[in-house]
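Chains as they are written, first to last, in the working numbering: chain A, 1 to 281; chain B, 282 to 602.
Accuracy of the hints is not assured; some may be wrong.
[Unchecked claim] Here are the computed lysine to any residue pairs in the SDA-like style, where the Cα-Cα straight-line distance is at most 25 Å:
1) K237(A) - R571(B)
2) K172(A) - G308(B)
3) K172(A) - P298(B)
4) K172(A) - Q314(B)
5) K115(A) - G327(B)
6) K115(A) - F361(B)
7) K174(A) - L126(A)
8) K237(A) - P201(A)
9) K174(A) - V365(B)
10) K205(A) - G327(B)
[Claimed, not checked] The following label-pair restraints were derived from C-beta to C-beta distances:
11) I444(B) - K89(A): 45 to 53 Å
12) I444(B) - Q57(A): 53 to 61 Å
13) G161(A) - A541(B): 43 to 51 Å
14) D67(A) - L450(B): 45 to 53 Å
15) T189(A) - A539(B): 38 to 46 Å
16) Y562(B) - A230(A): 56 to 64 Å
17) K89(A) - P388(B): 55 to 63 Å
18) Q314(B) - T192(A): 31 to 39 Å
[Stated by the list, open to error] Just a sample of chain A residues kept apart from chain B, beta carbon distances all over 12 Å, derived:
19) L15
20) D59
21) A102
22) G105
23) E120
24) V134
25) S159
26) E160
27) D176
28) T189
29) S252
30) N257
It should be emphasised that the hints constitute simulated quantities derived from the structure, not laboratory data. Where a beta carbon is used, it is the ideal one built from N, C-alpha and C, also for glycine.
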Amino acid sequence: MTATISPATPEAIALDSRSKSLRRMIVRALAAGGRGHLGAAFSVVEILRVLYDDVMQFDPRNPRRPDRDRFLLSKGHGCLALYAILADKGFFPEAELDKFCAADGILGGHPEYGKVPGVEASTGSLGHGFSMGVGFALAAKLDGRAHRVFIVMGDGECSEGTIWEAALCASKHKLDQLTLLIDYNKQQTYGTIAEVQGLEPLAAKWEAFGFSVREVNGHDVGALRSTLAAVPFAPGKPSAIICHTIKGKGASFTEGNLSWHHRTKVSSAEAASLLAAIEGE
Amino acid sequence: MRKTSLNMVYELAKRDPRVVFIGSDLGPDTLKQLKAELPNQFLMEGVSEANIVTMAAGLALEGKIPYINTIATFLTRRCFEQIVLDLGLHRTKVRLIGSGGGLVYAPLGPTHLATDDIAILRAVPNMTILAPCDADEMRRLMWQTLDVDGPVYIRLGKGGDPIVSRADLPCEIGRAIPIRDGRDALIVATGICLQVALEAAAELEKQGVAAGVLHVHTLKPLDAAAFLEKAAPVRVILTIEEHTLVGGLGSAVAEIIAEAGFNPAKRFKRIGIPDVFPDQYGSQSGLMKRYGITASAAAAAVLNALKAARQETPTTTYCGS
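Bound conformation, chain A alone:
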C-alpha cells in the first residue's frame, strides 16, 4: 500500500480569513443568481485555494499560456468555488459574480469553456472531466511538455463508468503529470454515498487501478499544501488524493445539510444568514 496521511477530523478545522473570504464571494454569486450548488462549492474551497495559491503555474492575463498547468472541475456543479478563486486571481472582474446565471453573464450554473477565462472545459455532466484531463496529460506526454493536470472530481461522480475507463487509461499511459483530487464529502444528492452506492474501500480501488494514493483532510490547508507538493507520489503513476471533506463546510447550518446541495429562490435573508454563519465559524 502507498503511504497515506491520516486525515484529521474535517470538523475540527477552523477556517482562516482567506477561506472565509472565498466563501463570501460564493455567497455573493449565489445571492445574485438566487440559486446554486452551495454544498458542493463549500466542500472544495480549500482544495481549489491551495491549488491556485500554492501549486499551479498560470497567468490570469494570459489564460491560454501554453506552459500553464491545467485545472478541470470535473464536478462542474461545484463551479461557484471555481468562479470565486478565478475572480480572486483576476481571470475576470469580481463584478461578474453579480451576474451569476444571468442572460448577460459569463458565469452559468456549470462552467463553460470559451466563455469563462481559466475554464479549460465545459463540465456539468458528470464523468467527463477526468477523461478530458487524461487527454490533456496524454498530449503533454506525447509532446514532451512539462505542464501538469489537476482534476477535482466528486465522490458521487465515482459511480460513473467513464471514471474507471479513464482510470485504466491514465494508468496504462503512466500519466504521472496527472493528479486527481476526489472531494470525498460522503454525501450525494439523495443521501449519503454509503446509502446510495457505497465506494469503500475507495483508496484500495484507486490503488488497484494503478494510482498512487494519499488521503488528506480536504479542509486542512497545511496538509493539502504538503500533500500536493509531493506529487507525483510515484514516478510513472498518476496520483489520486482522497480529500476528506464536509459538504457545505463553512456555515454551521449548511454543513452536511442535503437541502443545500442545490438551492433555488435563495432569499436575501438566507444570503445574510450565510454570511453571518461564515463569520461565526
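Model the placement of chain B on the given structure of chain A, informed by the hints.
Chain B in isolation, oriented as in the chain A frame:
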C-alpha cells in the same frame, strides 16, 4: 473502404504531426506501419469508447487532430453524450471513423447494425457527417478532413464496393455532386446507395424516364442549394439510403422540400430501412433487398410517383388583383 480510410490516416499522419490515430481494440495489424514509424501518433486503447471520445477531445484542445476508429454502432450510440458535449459543444477537431455503416454487419445481428448513426449525429450542432460512396471518394474526402473546423463523422461502407465516383467531378466537403441530369425525376443518394441510384437511373432511362442523380456524400451540412436547383424542374424526388427512414437523408430532404413550398408540389418518396430492428442475418445485400433498397425498387418507386403525378390535376396559382 475501411482499409482506404485507415491508410489515409497514415498518409495524413505523415503529412501533419498533429494527427493521432486512436483505435478501440482493433485487429492486431491495424496501421502497423504508422505504429512502427510514428509511435507517438498511434494509440490503441481498450474497449472504452466513452473515455476515448472525451480523451480525444482533450487531445484536440491541446492541438492534436485525433482520428478514432471502431465499429460505427459503438462509436455513435455508446458515447453519444461524449460526442454531443466534448466534440460538438467544444467544437473539437476529432474525427470519428465508423466501420460498418448501415447493414454491413448483417451476419452479426442488430447490436452491430449502424442503422441510426446519421440520424443521431445530425442532431449534434457543429458536426460534419460524411458518407462516401466508394474508396476513391473516401480518399478525396479524407484529405479535406484535416481542415474541417469541429468534429467529423466518416461513415464507412463494407469495403470492395464498386467504384462509381468520378475523378472528373469536383468533390468538396459540404457540396453535393450532381452525377447525372434528368428532367423527369431526381434521385438523391448517400454512401454506397449512389450505386443503387445510378443503376435505377439507367433502368429508368431504358423506359424513357430521365432521372437525375444527386450524390450527397456530406449529410451535414446538407447542400440544400444544390438540391433545390436540381429538384426545381422535376415532378418526382426519391431518396435512397442504407439507414433508418427516421432522421436520415430522406428526413433531411423532406424538411427542405416542406419548407421550399414548391408549386406544383413534388411527389416525394423515401427508400431506406423502416422503423424496425432488422430481424434477419444473412448479408448486407440481402437485408437491403429485404427493405427494398434496390435499383429495381427505386425505379418502380419513381415510375409509380410519375404516374400519380400525371394523374393529378395541375395546380394553378392565382395572384391577387
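List of violated hint numbers, smallest to largest:
Hints 1, 5, 9, 11, 18, 23, 24 and 26 are the ones this structure does not satisfy, whereas the remaining hints hold.
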